[in-house]
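Student: First to last, the sequence lines map onto chains A and B. No gaps in the numbering here: position 182 of the first sequence is 182 in UniProt numbering, and each next residue is one more. No gaps in the numbering here: position 18 of the second sequence is 18 in UniProt numbering, and each next residue is one more.
Keep in mind the hints are simulated off the structure, nothing from the lab. Heads up, some of the hints might be wrong.
DSS-like, lysine-lysine: derived pairs with alpha carbons at most 27 Å apart [what the hints assert, rightly or not]:
#1 A:Lys-192 <-> B:Lys-261
#2 A:Lys-120 <-> A:Lys-138
#3 A:Lys-84 <-> A:Lys-192
#4 A:Lys-20 <-> A:Lys-222
#5 A:Lys-84 <-> A:Lys-120
#6 A:Lys-138 <-> B:Lys-261
Sample of chain B residues with no beta-carbon within 10 Å of chain A, all distances over it, derived [to be verified]:
#7 Gly-99
#8 Leu-109
#9 Gln-128
#10 Pro-145
#11 Phe-183
#12 Arg-184
#13 Leu-188
#14 Gln-202
#15 Thr-225
#16 Val-236
#17 Val-238
#18 Leu-262
#19 Tyr-263
#20 Val-264
Computed from the model, here is a short list of chain A residues facing chain B with C-beta under 7 Å [what the hints assert, rightly or not]:
#21 Thr-80
#22 Ala-83
#23 Arg-86
#24 Ala-87
#25 Val-143
#26 Val-224
Heads up, the beta-carbon is just placed ideally off N, CA and C, and yes, glycines get one too.
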Amino acid sequence: MTDSSTALIDARGLRKVYGKPGDKAGFTAVDGIDFQVRRGEAFGVLGANGAGKSSTMRMIACVSPVTAGSLRILGYDSGTDGAKIRARLGVVPQDDTIDTELTVRENLLIYGRYFGLSWKVLRERSTRLLEFTRLSEKADDSVTTLSGGMRRRLTIARALINEPEIVLLDEPTTGLDPQARHLLWERLFQLKQDGVTLLLTTHYMDEAEQLCDRLVVMDAGKIVAEGAPAELIARYTMREVLELRFAPGERQTMTDKCRGLTERMEELPDRLLLSTDNGEETLSAVHRQGVQPLTALVRRSSLEDVFLTLTGRSLLD
Amino acid sequence: MHTLARAFSAPAFRELGYWLFRYRRTWRGSIVISIGNPLLFLTALGLGLGTLVDREDSAYLHGHSYLTFILPGILIAGVMQTAFLEASGPVMQSAMSRGSYRAAASTPLEPAGILYGHLMYWILRATQNAVLFTCVSMLFGTVDPARAPLLVLVAVLVAIAFAAPAAAWAVTVTRPSQINAMFRFVVLPLYMFSGTFFPIEQLPVPLQWVAWATPLWHGVDLGRTVALGAATPYGVLVHLGYLSVMVVIGLYVARRTYRRKLYV
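Construct the entire structure; sequences and hints are all you get.
Tutor: Here you go:
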């Protein structure tokens, strides 16, 4: 447990219910979660779509009132000191709010003005941030000419204009191609090296493994696990996973034959996952049962398997 | 006084800065429109329709030429129309999930500051339109220079009186068709039947009552009586009262709808 006095973000019994207060039909998006984010760490919120990640982020960004529980950010109460908190946050929303009427640089300048920064400071910072996000050559172009990855980097540059202590990233690489994702991860990693606290949501386990020092797994508005990626993998999964694919007609019979071979077995729409300490041995056992998979793959357990173990569902459902 | 104090606090001026920054791209065109609009009316209604009307020498016009009579009305009705258009479509757009209000709301700005900043922009735009319109009219001798500043003030008040409720409503709107419908079924009829083009005294009595109840008539009548030097203290008080109530209620509701929309 982190001491709350050193936590930059401290959520206790945090709840978010949409709909009118007391309305029975209200939708509970976040159902009483506790977590602390420390200075300088990269903290991840991993979960499938609809798990309550974005609602949590919006409450931390102080643009969504907390229904119940307490949420303290940078020592302030999110309900009463929203403006003070937002002054020290950088927000990269899922739906970016880049202004398409303005150029790339103007987007940084105008956004910086919202923080009350002088033009002089903004001119210097915008040049530096465009360099940091590799957008210098695009500085005077219309944002409509940017690719998806560039646009996301511009959103990140903009979120850094007030030199925030915490940067919130809501699914930062959703919809980007692999190359754009890797460049973005590299830049975020650099930010972390510079001591910025990162809080990101994602439904990509590789992203969480790459970037996060610590994470929580959310499902249906609740936190179902918390820890470092490696810790979670060690705690909730066996060392390896054997993935089997079958011809469509044989799926059921083959699956039945594999039952009991391992302690845990997960059936996904397209494949069968067997958790094991030794994948090759399990594969031999599978063959001895007379099971002939189309493909067989032994791999190390990942966060995806943690999620599967905890929720019984795949992250990308 | 709380509201007033907030209106002049720094955050609202940052939002105003955003709109002015965007305006840099369109200001030339908007000035051409501000000057061209009265010129068109002066030509069409003064040389065209006015000549016809003045031949009849209607008693309703109290000895003024038709052009002198309708110019203040056209200014006020035009200001109302612009206020509605600028406080509806752009507000709806800005409040959408990728809109500029959302960007501003993630910074220290509060919904009220965003509202007041945008409102200041509408006030500046209305002032620009009213000043240019009045200047052109003065050149044609249809507005008395001594009364012109008062006419501009009335025009700005009317702009606020319409922009505030329009914004309060538009921030909750999600489909552009709703704004088109409001324009067609509310704004245009107001434009036509609030005494803009003719004295409402010549309407049948029941319709006169309707006209008296409409907000725009109060603006038009105030602007016209001020411009023609026919204002009575009682009339001025009633008109100012009506328009001020619109401002106060509009801002009160807008503060709530802005907050509810931006803080979900």
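Student: Now, for every hint given, state plainly whether the structure supports it.
Tutor: Results for each hint:
{"no.": "1", "hint": "A:Lys-192 <-> B:Lys-261", "result": "violated, 33 Å"}
{"no.": "2", "hint": "A:Lys-120 <-> A:Lys-138", "result": "holds, 21 Å"}
{"no.": "3", "hint": "A:Lys-84 <-> A:Lys-192", "result": "holds, 23 Å"}
{"no.": "4", "hint": "A:Lys-20 <-> A:Lys-222", "result": "holds, 21 Å"}
{"no.": "5", "hint": "A:Lys-84 <-> A:Lys-120", "result": "holds, 23 Å"}
{"no.": "6", "hint": "A:Lys-138 <-> B:Lys-261", "result": "violated, 34 Å"}
{"no.": "7", "hint": "Gly-99", "result": "violated, 7 Å"}
{"no.": "8", "hint": "Leu-109", "result": "violated, 6 Å"}
{"no.": "9", "hint": "Gln-128", "result": "holds, 20 Å"}
{"no.": "10", "hint": "Pro-145", "result": "holds, 38 Å"}
{"no.": "11", "hint": "Phe-183", "result": "holds, 23 Å"}
{"no.": "12", "hint": "Arg-184", "result": "holds, 27 Å"}
{"no.": "13", "hint": "Leu-188", "result": "holds, 28 Å"}
{"no.": "14", "hint": "Gln-202", "result": "holds, 46 Å"}
{"no.": "15", "hint": "Thr-225", "result": "holds, 41 Å"}
{"no.": "16", "hint": "Val-236", "result": "holds, 40 Å"}
{"no.": "17", "hint": "Val-238", "result": "holds, 39 Å"}
{"no.": "18", "hint": "Leu-262", "result": "violated, 7 Å"}
{"no.": "19", "hint": "Tyr-263", "result": "violated, 6 Å"}
{"no.": "20", "hint": "Val-264", "result": "violated, 6 Å"}
{"no.": "21", "hint": "Thr-80", "result": "violated, 12 Å"}
{"no.": "22", "hint": "Ala-83", "result": "holds, 4 Å"}
{"no.": "23", "hint": "Arg-86", "result": "holds, 5 Å"}
{"no.": "24", "hint": "Ala-87", "result": "holds, 4 Å"}
{"no.": "25", "hint": "Val-143", "result": "violated, 12 Å"}
{"no.": "26", "hint": "Val-224", "result": "violated, 25 Å"}
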